[in-house]
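Produce the complete structure using the sequences and hints provided.
There are 2 protein chains.
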Amino acid sequence: MSTPLAGLPPRVEVYEVGPRDGLQNEAAALPVEVKAEFVRRLVAAGLRTVELTSFVPKRWIPQLGDAEELLALLGDDQPSRAPVLVPNEKGLARAVAAGAREVAVFASATESFARRNLNRSVAESLAAFAPVVEQARAAGLPVRGYVSMCFGDPWEGAVPLDQVAAVALRLVEFGCAEISLGDTIGVGTPGQVAALLALLDREGLGADRIAVHFHDTYGQALANTLLALQHGVTTVDASAGGLGGCPYAGSATGNLATEDLVWQLDGLGVDTGVDLPALARTSLWMAGQLGRPSPSRALAALAPTLTAPTDQES
Amino acid sequence: MSTPLAGLPPRVEVYEVGPRDGLQNEAAALPVEVKAEFVRRLVAAGLRTVELTSFVPKRWIPQLGDAEELLALLGDDQPSRAPVLVPNEKGLARAVAAGAREVAVFASATESFARRNLNRSVAESLAAFAPVVEQARAAGLPVRGYVSMCFGDPWEGAVPLDQVAAVALRLVEFGCAEISLGDTIGVGTPGQVAALLALLDREGLGADRIAVHFHDTYGQALANTLLALQHGVTTVDASAGGLGGCPYAGSATGNLATEDLVWQLDGLGVDTGVDLPALARTSLWMAGQLGRPSPSRALAALAPTLTAPTDQES
Numbered sequence: 001m002s003t004p005l006a007g008l009p010p011r012v013e014v015y016e017v018g019p020r021d022g023l024q025n026e027a028a029a030l031p032v033e034v035k036a037e038f039v040r041r042l043v044a045a046g047l048r049t050v051e052l053t054s055f056v057p058k059r060w061i062p063q064l065g066d067a068e069e070l071l072a073l074l075g076d077d078q079p080s081r082a083p084v085l086v087p088n089e090k091g092l093a094r095a096v097a098a099g100a101r102e103v104a105v106f107a108s109a110t111e112s113f114a115r116r117n118l119n120r121s122v123a124e125s126l127a128a129f130a131p132v133v134e135q136a137r138a139a140g141l142p143v144r145g146y147v148s149m150c151f152g153d154p155w156e157g158a159v160p161l162d163q164v165a166a167v168a169l170r171l172v173e174f175g176c177a178e179i180s181l182g183d184t185i186g187v188g189t190p191g192q193v194a195a196l197l198a199l200l201d202r203e204g205l206g207a208d209r210i211a212v213h214f215h216d217t218y219g220q221a222l223a224n225t226l227l228a229l230q231h232g233v234t235t236v237d238a239s240a241g242g243l244g245g246c247p248y249a250g251s252a253t254g255n256l257a258t259e260d261l262v263w264q265l266d267g268l269g270v271d272t273g274v275d276l277p278a279l280a281r282t283s284l285w286m287a288g289q290l291g292r293p294s295p296s297r298a299l300a301a302l303a304p305t306l307t308a309p310t311d312q313e314s
Numbered sequence: 001m002s003t004p005l006a007g008l009p010p011r012v013e014v015y016e017v018g019p020r021d022g023l024q025n026e027a028a029a030l031p032v033e034v035k036a037e038f039v040r041r042l043v044a045a046g047l048r049t050v051e052l053t054s055f056v057p058k059r060w061i062p063q064l065g066d067a068e069e070l071l072a073l074l075g076d077d078q079p080s081r082a083p084v085l086v087p088n089e090k091g092l093a094r095a096v097a098a099g100a101r102e103v104a105v106f107a108s109a110t111e112s113f114a115r116r117n118l119n120r121s122v123a124e125s126l127a128a129f130a131p132v133v134e135q136a137r138a139a140g141l142p143v144r145g146y147v148s149m150c151f152g153d154p155w156e157g158a159v160p161l162d163q164v165a166a167v168a169l170r171l172v173e174f175g176c177a178e179i180s181l182g183d184t185i186g187v188g189t190p191g192q193v194a195a196l197l198a199l200l201d202r203e204g205l206g207a208d209r210i211a212v213h214f215h216d217t218y219g220q221a222l223a224n225t226l227l228a229l230q231h232g233v234t235t236v237d238a239s240a241g242g243l244g245g246c247p248y249a250g251s252a253t254g255n256l257a258t259e260d261l262v263w264q265l266d267g268l269g270v271d272t273g274v275d276l277p278a279l280a281r282t283s284l285w286m287a288g289q290l291g292r293p294s295p296s297r298a299l300a301a302l303a304p305t306l307t308a309p310t311d312q313e314s
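Protein sequences appear in the order of chains A and B.
Per full-length UniProt numbering, residue 1 is the first one in the first sequence, and the count goes up by one each step.
Per full-length UniProt numbering, residue 1 is the first one in the second sequence, and the count goes up by one each step.
Everything labelled a hint here was simulated from the structure, so no lab data went into it.
Accuracy of the hints is not assured; some may be wrong.
Partner residues are not named here, just some residues of chain B that face chain A (Cβ under 8 Å, in silico) [to be verified]: (1) Met1; (2) Thr3; (3) Leu5; (4) Pro9; (5) Glu89; (6) Pro190; (7) Ala194; (8) Gln220; (9) Trp263; (10) Gln264.
Model, not experiment: these values are computed from the prediction.
All residues carry an ideal CB built from backbone N, CA and C; glycine is no exception.
Take a look at the structure:
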């Protein structure tokens with residue numbers, strides 16, 4: 001039984017980031033076969049959009065050093081939308097050669113994080129993304145643009161909204177089809193979300209081209225998501241089992257868990273296409289692969305109700 | 001820096017339930033001196049309403065078997081509102097004799113929980129509460145009425161809203177000044193909250209006499225709270241450090257942590273009077289007393305930023 005809430009969209013696209021954003025923050029690199037199986041199980045659980053991996057140099061993020069192998073191993077076993085992260089033109093070339101069908105680039109709203117994460121100023125990193133987006137589009141690939149540190153930065157504190165908006169709008173100018181607004185350290189609260197969405201709307205970037213990417217570091221992710229849905233956003237980033245965080249920001253732990261999100265949307269009668277028990281079994285299986293429990297509250301509550309996962313699950 | 005959200009109240013009363021609802025669910029009974037110190041530290045952190053304890057028979061809940069001693073030990077060190085739970089007329093008489101200044105009664109919206117928790121039907125338990133409320137008011141004490149299992153029941157599943165409303169309205173008829181709507185197993189989502197508040201409003205019970213009591217079992221507590229605030233509710237139950245749950249419902253863990261709530265309200269510029277670092281230090285101190293970590297996400301994120309608690313804190 002579900003109880004709708006006035007003003008919410010009938011359908012939400014869950015943008016699953018576990019295989020990329022989640023696994024890049026695990027201490028150990030998993031075998032590529034396990035990653036492929038993870039993606040297959042997520043797709044079988046109804047996730048239509050799964051960010052598969054990142055074409056970063058292996059020396060930057062060894063955990064994702066097998067991007068070509070993963071795409072080859074998956075073959076046609078891919079979700080409807082299967083974006084991969086690319087940090088620069090070289091990464092894009094690798095992704096195109098590997099058969100990627102959509103890419104994402106990752107910008108920072110703050111100078112401090114740009115310096116630490118991208119080793120460039122905000123302006124320099126944006127300038128470097130322009131040809132990446134252009135070449136991707138020339139190759140027929142849609143591009144998502146991430147904006148990180150939208151609501152707070154561990155070094156700079158509060159982030160002026162117009163600074164966030166400027167970065168988002170540049171990415172749109174370059175040709176990004178979707179902008180994902182990231183609360184990388186999880187400090188944001190619903191008023192900030194509303195104010196940023198309103199500002200972007202006034203600047204011509206409507207909620208239909210925006211995704212939200214909240215971290216649950218301070219427990220705020222679902223309340224912020226609700227507010228974004230009330231403002232017309234229909235794409236929400238989440239990570240199966242709450243995998244991942246941010247390797248460059250010490251205090252940042254906990255992507256919004258996909259299970260917590262889907263519990264809410266199921267309760268609201270908002271269609272996601274996700275089979276929650278199948279997703280939860282997938283996350284429990286992944287927790288077993290990683291040897292540590294999931295931080296998802298809904299997953300912990302659901303776990304006793306699930307039958308044991310089997311190797312035949314997918 | 002805070003960013004307000006249109007439609008929210010300027011001020012929220014945090015109704016702290018840690019010393020009663022939290023500690024009654026701990027395996028071990030703490031020394032009464034530690035409980036008194038907990039209350040003093042909560043008050044020092046700015047909490048104006050703290051539910052102190054329960055005047056239940058010691059054989060029912062041994063953890064709270066020292067209610068008289070606690071009130072005697074606290075003396076004048078009490079918050080502005082210092083309710084105590086009373087299960088029946090005997091408990092009320094004990095509370096009055098001990099100098100309690102406000103009481104609360106605890107009703108169930110479902111037959112299954114009434115049978116298991118109160119050993120009576122819903123109708124029988126309500127009938128038994130009528131004289132309790134009457135006598136309390138005759139003694140000059142305001143009465144809060146809890147309604148548990150408002151959004152789901154582990155034995156019955158979904159709970160019809162008119163069934164919840166009927167119980168709430170009976171408690172108001174008896175003379176309860178405030179009704180706390182409890183999601184005892186934490187399954188509710190924002191649509192249910194909106195629907196119940198709208199129904200109660202149509203029946204004459206406005207948001208100004210309603211408190212919400214959410215559990216974070218499925219990670220939904222803060223989103224549900226946000227929805228309640230948008231509908232005019234200004235009293236929110238929470239438990240320092242997320243202490244407590246429901247001893248009669250196996251799957252129920254995790255009151256909304258006061259830290260997670262105050263982080264959100266601080267971010268929204270909603271006044272609570274609570275000093276978040278002082279509260280967090282109190283919860284870390286209590287976690288040390290209990291020998292287990294707190295489930296509060298905000299507390300975990302804040303902990304590294306806090307100086308060590310001292311015995312001189314309060």
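*Hint check against the structure, violated hint numbers in rising order*: 4, 5
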